[in-house]
Structures are given as structure tokens and as C-alpha cells.
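Undergrad: Chain by chain, the residues run as shown.
There are 2 protein chains.
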Amino acid sequence: MAAPTTTPAKESKVDVLIVGAGPAGYMAALWFARLGIKTKIIDKRSTQIFTGQADGLQPRVLEVFETFGFVDRAIKEVAVGYEACFYEPDENGLIRRVDKLPEGVPGISRFNGSVIHQGRIETWLSDAITEFSNGTLNVERPYLPQSLEIEAADTPTPSEYPVKVVLKKLPDDNASPEQFGHKVQNGLYRQFGGDQQNPVPGAESGDDLETVHAKYVLGCDGAHSWVRKQLGIEHKGETTDYVWGVLDIVPVTDFPDIRKRCSIHSKDGGSIMVIPREDGIVRFYIQLREGDHIATVDPAEPTTTPTGEKKPATRVDRTKLTAEHILATAQKIMHPYSLEVAEMHWFTAYQIGQRVATAFQKDQRVFIAGDACHTHSPKAGQGMNVSMMDTFNLAWKLAYVIKGLAKPSILPTYESERMTVAQDLIAYDQKLSRLFSSKPGEISTDEFRRVIDQGSAFTTGCTVNYQTSLLIDKPAAEDNVTPYYSPLATKLAIGMRLPDTKLVMQSDARPWYLNQRLPSTGQFRVLVFIGDYAQTPALKAQMEAIGAYLAKPENSLQRLRTDGVLQTMLIHASPQAKVEWDDFPLVFRPRDERGVMDYWLVMADTPSLHETTGNAYETYGIEKGVGALVVLRPDGYVAKVVEPTVEGVKGVWDWLSQFVVGLTPTEI
Amino acid sequence: MAAPTTTPAKESKVDVLIVGAGPAGYMAALWFARLGIKTKIIDKRSTQIFTGQADGLQPRVLEVFETFGFVDRAIKEVAVGYEACFYEPDENGLIRRVDKLPEGVPGISRFNGSVIHQGRIETWLSDAITEFSNGTLNVERPYLPQSLEIEAADTPTPSEYPVKVVLKKLPDDNASPEQFGHKVQNGLYRQFGGDQQNPVPGAESGDDLETVHAKYVLGCDGAHSWVRKQLGIEHKGETTDYVWGVLDIVPVTDFPDIRKRCSIHSKDGGSIMVIPREDGIVRFYIQLREGDHIATVDPAEPTTTPTGEKKPATRVDRTKLTAEHILATAQKIMHPYSLEVAEMHWFTAYQIGQRVATAFQKDQRVFIAGDACHTHSPKAGQGMNVSMMDTFNLAWKLAYVIKGLAKPSILPTYESERMTVAQDLIAYDQKLSRLFSSKPGEISTDEFRRVIDQGSAFTTGCTVNYQTSLLIDKPAAEDNVTPYYSPLATKLAIGMRLPDTKLVMQSDARPWYLNQRLPSTGQFRVLVFIGDYAQTPALKAQMEAIGAYLAKPENSLQRLRTDGVLQTMLIHASPQAKVEWDDFPLVFRPRDERGVMDYWLVMADTPSLHETTGNAYETYGIEKGVGALVVLRPDGYVAKVVEPTVEGVKGVWDWLSQFVVGLTPTEI
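Those sequence lines, one after another, are chains A and B.
If you're matching positions, the first sequence starts at 1 in the working numbering and goes up one per residue.
If you're matching positions, the second sequence starts at 1 in the working numbering and goes up one per residue.
Keep in mind that the hints are not guaranteed to be accurate.
In silico contact screen, one side only, chain A against chain B (beta carbon under 7 Å); selected entries [said to hold, decoys possible]: (1) Val80; (2) Val252; (3) Arg259; (4) Ser507.
Calculated from the structure, these hints are not laboratory results.
Here a beta-carbon is modelled for each residue, glycine too, at the ideal position from N, C-alpha and C.
I would like the entire structure built from these sequences, with the hints used as guidance.
TA: Here you go:
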């Protein structure tokens, strides 16, 4: 849309403008704060949210939190899912437990799927942003975007800041919907929030307006994304007839599995999902099948939307939905177990819609992420996670381009990588929603559990498998499911996140999870698995040759290391008795300008008396007599696997030179 | 001494006055903040310390930090000792590594001995005090005590606040010795701080004075304790001839084991201990044998002190001791390895003195703790730990008496329990100091390592074994070393801290270390190990009988549970498939006044698919077909072990009635 006629009183220039401070916006801001990118983040609400909303944290997101240094805060506060129970009607029509399974996928990650209300998660993110930015990056509230213009790609004199956004500051009281505390009245805020009125009503004054000139803009502004609409991107999919209620309560109950994740199918009353939460809270997802809040759509109305999508046959009359009604439905399903409320923290209801945006960006200048890209039912606990992982994928790439370190040609990988994830998510959610919303007899318990079981790995977030691209060096595949393994590392899939394992720091013998040594610093990492070099003369020679090669002053990889773009680490598998510190080439033991050595880049896959270690090579399928050289992207995904030789290093160099600015293919 | 003649302008009443905000004082304040005791804590310095001083954290202290909720802060910041190296002169007189051993005692605790500068530790303690006290308890600085009077025990009208202390507020600039940053000049602050001048010099004005009326006073005011002197308690022991220097530096070196704990004996230059620290710092303890800073005492001087103790034959002339001299000595010992300084954080020198106070209290009203009770060399890293554990032992007992929950007869256990620890510590330190300060040939390397090895368990802090007393119910022993085990729990020593193990929460299947479920809340705990009740009818009957007995309204143990003095937990060992939540008596699943159930008091010793669990009964030597009932004190030490029957519970009741106010022996 066009810029407003009133002249904004303020004007600013930023590298990135983030519209929307939810999980996706916060995660982007976190990366930008960490990497020193000049960022502005705005939100239309006058305060952070404090209750309700999303609550699930995938193992993969907890791994990412660890790389930013605050997973310990999560672990102390969350409720963790370790067991799932399944209830079905018995011969008398009363629900009874029919099965008990481990929740999640034991061993896939050090973390298990966890839950806590969204406000806490945003607080951890926000605190980390404050820390990394030294307090300079804060969410500006309440602001609404008014207009967005992207400079034409063929403009004769391209600007450094080609995106122009006009923002409007709102009066504080306009932007504080009731969302707090235990008030029953406030539950419908988000699901039925609807679209932004545009232009924002109220007297137009230049004093309230600000023009932001940005290199890039991120629309992290939710399911009704204003940014998405400005870009003319379609949000494709449909709204189903399924209506569900949500209650966050501290229950009074005699239900014996109330602190386990439960799927309950009643005979006539519908289904419930039980998700125990922090501080004695339990979240209930409750199927709503009856009641005067569900209206059949007038047959005279058109059955499709203007864009041709099928409209649901029923719709929720939100004015008639109360917490009392949702609770009464839950009580009926839970019968013969009792369910009363000691504290009501939040409630809402939603009609399941499943949609994916048809594009995630425009002109590689304005991007959308999170709910703006994909919406679905909340039951698999995926929404907030996939949203955070969207910008965890995008923001480092933007930072590389903004800093002049990488070519803009890396940016399209955001859409290609994350749209696949979004589509997979919607496909899973459709299956799951149908299961949960099915009537008795429609779907067998066995089928139900099979779908859940198959989905377990997916919902951990650890199985995301990025396709072949400029940033993932593997043969093009027919699908994005089957992992691709190099013969050098037969259990380390290229395109997937590095699985965690425990190693021993060579210099001080301290055991570490590898993920703890791979903080999100924005560096590409070359992990040289040099095997049992002490007992394999060829590997010793290779290690020394790699060290000598990397140390050559004319080697431009050296510059990348100095610039902090590339970090090289050595992971050997020789017995400690055969190892001396001075064995290792100085590139793996570099000294700073004062002469102080870096003692933290050589690790050993060796047993420790103190903790269980020594399985890394086995975990990754790397032969101790052969080794491997593994390249990780800044987001921890395996980009490339080659042999641990000078030739292998040259291969990494040539690969990097495709997108690293100023790096030509191997000259030496 | 008598009160000053000037009338103090201020007057206050507190439960406890703590003199001195070092580790001992902070730990006392932490307990008092946690338990809601009205406390005043003063310190003579105008700010916290930021560098140097003590740096060692025992595993046991880390366990205690966990019970107060902040061990995660420690784990993120500390350097941990995992390996120890031993260097001796080779045939050419050059040092070389002769051995490498695991540091500490693998398996004794989940934590390993760790190091970080004292200032950080005091910050964690201080932050936790702020949190528990809602910001109401803060160290008041800079204050010096001026006078201390204890009301006579036989006074006809005893006061509620029988200790009177007059405090003097110092001007801020008087109390800020240079101790910060990397200044070489500031290292001698503490070791040579000397005695407080008394009365404090300066114009006496009532405005600067405050009279504090306290129920109890704690002297945590260091080696030169003013409180100890007021009580007339002797600090018995001697100062040796051994002089050591300390450097906290970021080194530039080619010494290969600089990130491991090393003991280095050179041929002629003396010894060094290397303790790698946080942030690239390394602490060096350097034996100083030569130089003009060491003066032989004039033979004409008396060779004993006025109290009859032997005086050292040499003494340090502190004006001649510089960081440069200490560094030069270190360089000589480290030869042929290089040692230069990139950053100097702190230095000091000390002449080893080993002393224990002859009493730790007076009239059970004024207590001393920490360095005020025991001083010794810092090399075993014990001082700060034993100091914190002193007040960790004392403060909950005082809180019980102050709150009217326990009889004052429990207070003498502080001196009896902690004096033994202090004496053991001094004995160990004497052995260790002699070893470290010995000349080549005096003591063999083998003997050296044997002493270190034997001392390893001691220095973890996990082997402290409290003797028989009102608070430790076991047969009186000949020594305080040999652990005593009940036949019901053959690996769970009565008088020692509960070793940690991992259990599974029955309600939600989450694995927990037991220590994480035993926070320092001030509660005594009864852990009912009911064994495999589901497959042992006798145990099932016992469990139900205990539940019924505890639930009787006329059972006064009920009152203790309601008052939060006693917490009962159940730990069973039945297979999950045989267990139902409703099996457990309601006393282990209590409901609050709203009807909300406590789901966190029943745990299972059962394998988990997610983590390694299921060894608790074996760890504690408890038979699954017999069980045991274990009583823990609020500080986590095992107080009593009986059979898991109503008779056993009655035994606990009778035992508690000896010191719990208002609890008579079993009536029912």
C-alpha cells in the first residue's frame, strides 16, 4: 500500500526491521544481537504476554537454547513429558487406561519435549537479547506498521536501505487487550484476534509516525500477518469443522495420570488431550462437538472463499463460548473421574485451520516467518518451535549478507529449507487433527497410536533434513525424508543437525557435550575427526599436513579464521597414554596477540573415569583409522563431509568460495 | 570489653547478628533468609571482594548449593579439576611429568572439585539471599563491632535478646583497601591484614553508633576474629617456617599441562602447585625459600609466644615481597618451560599457620565459624568450604530454636560436630604442608602421592561423619572416621550426608537426582523406602499401616507435617506395571485446602527408558523385600535408620520428642 500522506516526524535507518515480538521475532532479534546487526523490533502490544498461548518446547529448540547459553533456565522451570497414557472407553462406556508409552524418542536428544507458558520463553529470549546487545536492543511497543515499500529491483541507483516502512506509535491503552491473570473473560484474544484494521484508526499526526529505512524486513507478525498481506502472499489451506477448547488450570481431580500426557477418547463426549505443565498447571485440549456456540453456516452463503477455498460447514460463535462450557465438556469426557478448578490461568477455543504461505519472501528483501507462514492446530506443540526455528535459520544468513561476508545468493535457502518443514508440519497436523477429532469407531486405537508414534521423531524437531543447496553439499535427493550419509560418517546425515555426544577436552580432561562447545557465535565450523592419529602414521601425517596447510600465510582460509567466520576444531580418538599436547598442530592451539594459547579446540573421544564418554566416533559412524572432516553451518546443521586431508580442506575452501565474499577457489 | 561511653544514636533488635560477610557469614545469612529469621549482617569492608582470596569449591558444597537452587550458576562458570599431573626432576635436573591421575574421587558425588574466585561465589550467595528474603536482607557496610556483652546466664529476669553489640559505622573511604583489578600492589591485603585496632580510631560520635540487641551473635569475622577475642577463646596452633606465594595470572607458557592440576617438585628451586581457574586464569602456589624478604628471627627474641606457642624461626618481611619476586621464583621452578604473564589478577604471600579455636561458642549464645575457628594453608582448597559448611551446620539449628520449634539443647552439636571437622582438617593440612614444603629427597614421590590420594576423599567434603548426639542416632563410636551402617541400609552411613542417586517421579515419570528433590527448606525428612510393596504383601500392609497411623488426627506428627517441620516421602521399588497411583496412602499424596494434590512425594526406584535410573536401593544397601525408613536432618545428613513399620515411625517420633518443642513421646 502507499505511504500515508502525513509526513512522519521521525526517520531512522536500520539493517533489519522485525515486525512482531513473538517467538519468531525474538529468535531473529537474538541472532542479530549476538552478531551485532543493527536491528529494530516492534510489537503492537504494549506489554509482553504473561499467560496462555503456546507452551511446547521441542528437544531441538532446547538444544538451540543451549547454544545461546540459557537452556539451564528452561530445565529448571519446565514440565517435561516422559510418559504418555492412552484412555479408551471400556465395556461399560467408562474411560480406562489401555496403554502407557514413553513420550518422545529416548536417545534422540539430551532434552525431552517440555512445556511452559510462552511468556516465560519470551522472557529468556528477551534477557539473552539484552545481554548480547548490552541492553541496546529492546522491543519498541506499541507500534503498528502503516505502509511498506520495496525499491524496485531494476532501480538505476539502488539504495543501501531499499525497504521503507512507516510505523505508527499507538497510545498504550489501545494496545493492551485483557490477557492476564486468572480472568476467565480473556481467553479469546489471540485465536479470534482477526486482521489489523488498515490504516490504523485514530487521528493521523506526524508526531506518531516514524519512517524506517531498512536493508531487510522480517514479518513475524502472526497468523494474520500484515506484512504477508502487503507482499500479496497467499496463505493457502483451509479451515476445518473441528472446534477445540483449551483450558490452562490447576485441577482438583482423582484422575490418576493427571501429571502424564494423556490422550483420552470417551464413548460419546469427544476427546481430550492432557498436557501437564509447570507449577501444577495442566493444559487440557477439549474437543467441542455440541453446544449453541457451534452454528451451522447458512446454506445460502457461498461454500468457498473469494480465493476459491472450501469454507467450513460450521463455525464458532465466539460470543457463546465460555470457560464454563469448555469445562463442562471436559468433565463429561473425563467421567467417572472428577475434574474441578482450583486456579484458572487461561482459556481459549479455536477452529482448526491449516495453511501455508505460498512464498516466504519477496525480492529476498522482505521475509515472513512463524505463524505468518504456517498455521495449524496446537496439539502437537509445534507452532512456537517451528516459528523459532524459521528465524534461527534465516537470521544468521541475513547477518552474513549484511556484514558483507556472504553473497545474497545464500538467502533463497531460507524459503527452500523452511517451506518444506512447514509443509511437512501441515501434513502431520492434518493427520493428527483428523485422528483427534474423529468420532469413536472412525479410527482404531491402533491406528491412532501408530500415527502418534510415527510422529514422535518429527515432533522432536531433530529430524529436519535440509535439501541440497548452496549451503548443504550432498547429492540431490528424490525426497526430503531419507537421510544422506557420507561413507566417511555413516551415521551423520548431511543436511541434518549434528547429533550430540560427549567428548573429553584434551587440555584439562573435562567431559563436555559437544553441543556445549558449539555456541551460536555465527561461525562455520570445521571439525577435523583425525581418528587414532597416534597409532595410525598416515593420519598423523594428514594431521600435520592439514596444520601446515592451514597455517600458510597466503592461505585465505586463515583470514576467515581470523575474522571469526571459520573455527577449526580437532577431535581425535587416540588413547590418552599415547597423546602429548605438543602433538597437535598450532592451528588447533592458536595463540592470541599476547601469546595466550586457546586450549579449547582439541577434544578427545576417549573414556573418562568421571563420566561416560568415548562413543563419539561410533555415534557418528566414523572409522578411527580413517577419520572425517565435517563442516557445520552456524546453525549447527551438517553442511559437508570430506576426508581429513589437505585435499579435503581444499574441497571445503572451494565450497566456501561459492558464497563467501572475496574468497576465490583454492589458489595454493 | 565494656560498652563505649558515648550513647549510640540507633538501637535495634534482631534474632541474629552476623559479624562478617565472607563465605561463612553469607551461608548463615542464606539459611536465615530461607527460614525467615530476622537477621542483621555487617561487614567492615565497604564493598564485596572482586578478586583473589579463596577459590576452591568442594563437591559437597556444590551439592549444598544445589539444595539452595543455584548450583547451575556455578557449573556454568567454574573450572573443574578432572586430572592431576605430577612433575619431578629427571636425571638432568629438569622437571618432567612422572604421573597422571584422576583428580578427586570419581563417583563420590555428581560434582567434581571446582575453582572460581571468591567474589563470584559470594555473588551467588548474595543473590540467593536477596531472592529468599525478598530483598530485605542485605549486608550493611562498612561497620565494625565496638563492644559485645552477654547477659549472665543466672540473671533473675532473662531478656529475650541477651546479647548486646555496639556497632560503629565507618566512613566509606576508611574501609576500602585496594583489592581490585590487576594491580600488583594490592595482594597482601588479607593475609597480613592483622588485628582490628580496638577501639576503632576516629572521633567518637553517637551518630555513628548503633546498639544491636540480639538473641544470637555469629562471629564470621575471619582469622583475626574480633568476636573470638571478645569471648576470650584461644586460637591454638603454630605458625610454621614455610612461606608460599600465590599468583592468579593468565599465563603465556609452553608448559603442556597448564590446564590440569599439577604438583611440581623441582630439583633446587622448590615446589609449585598449579590450579587452572575460570576465564583462562591459572593460580600458582609457589614455595618461597630464598630472598631477602625472608628474615631469620633475631636469636635474642623469645622463641615462644606469650601463650607458650613456638614461634617460627623465620618470618616474612612483607615490604620486600613483590609479585615480580614470586614470578621469578615460579619461572625458576618451571624451567625449562616458559612462564610469562599476560594478565595479573591477584597475588599474595603467606606463612603457613595452623590453628583451631579451643571453643566455637560461648554460653550457646555467641558462636564463631569459618576462619575464626580454623586457619591453615590454602593448598587443599578447603578453607572457604569448611567455613560455609560450619554455618550450614549451625544456622538451621539456631533457626529451629529461635522459631520455638526445637529446644536449645540441640545447639551444642554445632561445636561437637564442627570442631572435629576442623581438627581433621588441620591434621590433613599439616601433613600436606610438610609434603609440599619439603626439600628434594626428604619425602619420596610415592609417599607424596599416597598422602594426596588418601586425602582426596577427605577434600571432597563428602566423608564428614558426624558423631552420635541428640541429632545423630547411632551407637557411640571409638573414632569419627569409621562409618556406621544400620543393617537395614548397609551403604547409607548414619551421620554422613545422603549420597545422591537418581529416581523416577511416580506421578509423571521424570527422572530426578534425589538431591534435587531435597531442597534446603529447613524440614526434617522421613524417607520411607517401602521396597517392592506390590509384590511383597507384608510391605504393602506396612505401607498402609504407616499411612493410616500418620493420618490419625490425634497423631502429633501430623502437626509437624502441617507446620512444615517434617516432610514424608515414599520411595518404592516395585515394577511400574504393578503400580497404580491410588496404591499410595493419602499421607504421601496430600491435598491442600483447595483440594489440589501434591504429586511430588512418591518416587520409584525403577529403570527409565530416558535416563539411567533404578539403582537407588542397591546404592543405599536396602533390600527391596525389607525396606527401611531413613530420617534426614534439614542439612541432608542421615540422622536415623529404622524399619518401615508403625513401630519404626514411633521410634522416629520418640526420637524427635527429645528435642522438638511440645512433642511428647508417642501417645498412640
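Undergrad: Taking each numbered hint in turn, which are not upheld by the structure, reported in ascending numerical order?
TA: none
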